[in-house]
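Number of protein chains: 2
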Amino acid sequence: MRDFRHDHSALALNTATLGHNVPSVGAGWSPEQTIDACAERGIGGIVFWRREIEGRAAEIGDRARQAGVQVVGLCRTPFLVGPLGLQSEEAILSDFRQSIDQTAALGTDVLTIVVGGVETGTKGVAHSLDIVADRMAKAIPYAEACGVKLALEPLHPAYAGDRSCLTTTRDALDLCDLLASDSVGVAIDIYHVWWDTDLPRQLARAGNRILGFHLCDWLVPTTDILLDRGMMGDGVADLRGIRREVEAAGYSGFCEVEIFSANNWWKRHPADVLDTMVERFRTVC
Amino acid sequence: MRDFRHDHSALALNTATLGHNVPSVGAGWSPEQTIDACAERGIGGIVFWRREIEGRAAEIGDRARQAGVQVVGLCRTPFLVGPLGLQSEEAILSDFRQSIDQTAALGTDVLTIVVGGVETGTKGVAHSLDIVADRMAKAIPYAEACGVKLALEPLHPAYAGDRSCLTTTRDALDLCDLLASDSVGVAIDIYHVWWDTDLPRQLARAGNRILGFHLCDWLVPTTDILLDRGMMGDGVADLRGIRREVEAAGYSGFCEVEIFSANNWWKRHPADVLDTMVERFRTVC
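Protein chains in written order, with the UniProt record's numbering: chain E, 1 to 285; chain Z, 1 to 285.
Honestly, the hints are just simulated from the structure, not real lab data.
Backbone N, C-alpha and C define an ideal beta-carbon position, used for all residues, glycine too.
One or more of the hints may lead you astray.
Computed spacing ranges between beta-carbons, pair by pair [stated by the list, open to error]:
#1 Z:Ala67 / E:Leu179: 53 to 59 Å
#2 E:Ala248 / Z:Gly107: 30 to 36 Å
#3 Z:Gln87 / E:Gly233: 22 to 28 Å
#4 E:Lys138 / Z:Arg205: 51 to 57 Å
#5 E:Thr223 / Z:Met1: 39 to 45 Å
#6 Z:Asp198 / E:Ser88: 30 to 36 Å
#7 Z:Met1 / E:Leu84: 29 to 35 Å
#8 Z:Gln33 / E:Ala248: 31 to 37 Å
#9 E:Leu179 / Z:Arg56: 58 to 64 Å
#10 Z:Ala126 / E:Asn263: 28 to 34 Å
#11 E:Gln33 / Z:Asn263: 38 to 44 Å
Using the sequences plus the hints, can you model the full thing?
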């Protein structure tokens, strides 16, 4: 298991942690300012969201690399199914290809997938998972041609209805098995999987298919299921135990901090959030 | 699979559905009034909460039977672990025995268990589940002596931190296997398990250990993770598919409607809620 106490170069910022989607916060930092703030602190990696790099992917990717910050991945494909998605399969697949293009343009190779919830008018997750598999299969050849890896992220079962009918690491790996492409793997996010007693077995099964590892914490109480994630150490997730298993499976990549926190961290100055993130990464992760 | 289109005698009311814990609603119905309202509508069973029968368990149980309504079970033991529980193991076990006494006094034989969340000061669910197993083992002889069956209810993973470190049917059955008592089984609640692709396999494994089956629905969106459960048919859970599997496992008992709904059903007149419950049970369950 890696020792981060004196080296946080494996730490990456997911820009959502700075409240990217709340215009009044994030101190109005541009992608360039965020890159510089990471570089100043020795944060080794960064993950952007599409809205932040729209039309400037190559430029921002180059800027990060010049600053010594690796672009670790891009968030994310459109929902592939469910009530919050685009209206037609054609529109979904077109936007999926566009997100693959943006990932490649950014000069990174991992694109995160949040698959979407239960297809409107249907019941249960099984049919929606079938649709996801079908649409993934249609997009994979393009991803392979572009050298982009697709990281299926199982989301917490609280989101099964609207955001992700894919809720467990087991289901994500089953889907990987079905799709049988070296360009498809999984992203493991503490917030979504910390409660799962099957996780150790599934991480061992995942092996080199773990394409991303996301840090945060599960607060007690959690006051908002979407926007009340905790900073590492403030909750009840076994961060170190899960990281041990992720690394035992062979993962040696970045640890990406992704904290949606409307009433706490998004209200603080981004510089303070980054400082806390570094400190917690060194002490509790 | 049973046909409920013309017969809803297998329908049971969990009194929580009428907003039992909101004094201003529930139209102030006493247990007797609730029993009569069920009897009038041919609702065959009722499940009370402890606060409703405190000191009057035997009397209320008799009253229900006289009205032709079966008392299906009692909600519930104290939390056995975690931040919302009683302060000492002694207090927990004492209250556990008291809940067993009340179940027996009520003249029913199923007591529901919500195990509680992650023990304060610890990380992850594993240690807390060990405490649950230990405290269950200490209470089982008393339950056996009283002829009371203990129904472990896995709760949705959204509650893993505070209310139930036991989140899946798999974990509940693993705990049953460990405890190895004919007096221990599981309660399957649609709200908590609908998202789980492993459910069919686990229900088949459960066999005759299914002691309760709870109906409601998962709304999209769910605006409050605790108090926004849906009436059957209003959400995306595959009610009929799950009931088919529950019955295929051998379950032939009551279907208990338990809907926590602060902003919708708890605001309606209880008579209307019961009427809707009967209609939905016949048409969509």
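Comparing the hints with the structure gives:
In this structure the supplied range 53 to 59 Å holds for Z:Ala67 paired with E:Leu179, their Cβ-Cβ distance being about 57 Å. Checking the proposed 30 to 36 Å range against E:Ala248 and Z:Gly107 shows it is violated: the Cβ atoms sit about 53 Å from each other. Checked against the hint of 22 to 28 Å, the pair Z:Gln87 and E:Gly233 passes, with Cβ atoms roughly 25 Å apart. A C-beta distance of roughly 36 Å is found between E:Lys138 and Z:Arg205, which places it outside the suggested range of 51 to 57 Å.
In this structure the hint that E:Thr223 and Z:Met1 lie 39 to 45 Å apart at CB holds, the actual value being about 41 Å. The given range of 30 to 36 Å is respected by Z:Asp198 and E:Ser88, whose C-beta atoms sit roughly 32 Å from each other. Checked against the hint of 29 to 35 Å, the pair Z:Met1 and E:Leu84 passes, with Cβ atoms roughly 33 Å apart. Judged by the Cβ atoms, the range 31 to 37 Å given for Z:Gln33 and E:Ala248 is violated: they are separated by roughly 59 Å.
Taking 58 to 64 Å as the suggested C-beta distance range, the pair E:Leu179 and Z:Arg56 conforms, at roughly 59 Å. Separated by about 30 Å at the C-beta atoms, Z:Ala126 and E:Asn263 satisfy the suggested range of 28 to 34 Å. Look at E:Gln33 against Z:Asn263: about 42 Å separates their beta carbons, and that is inside 38 to 44 Å.
Of the numbered hints given earlier, the model fails hints 2, 4, 8; all others are met.
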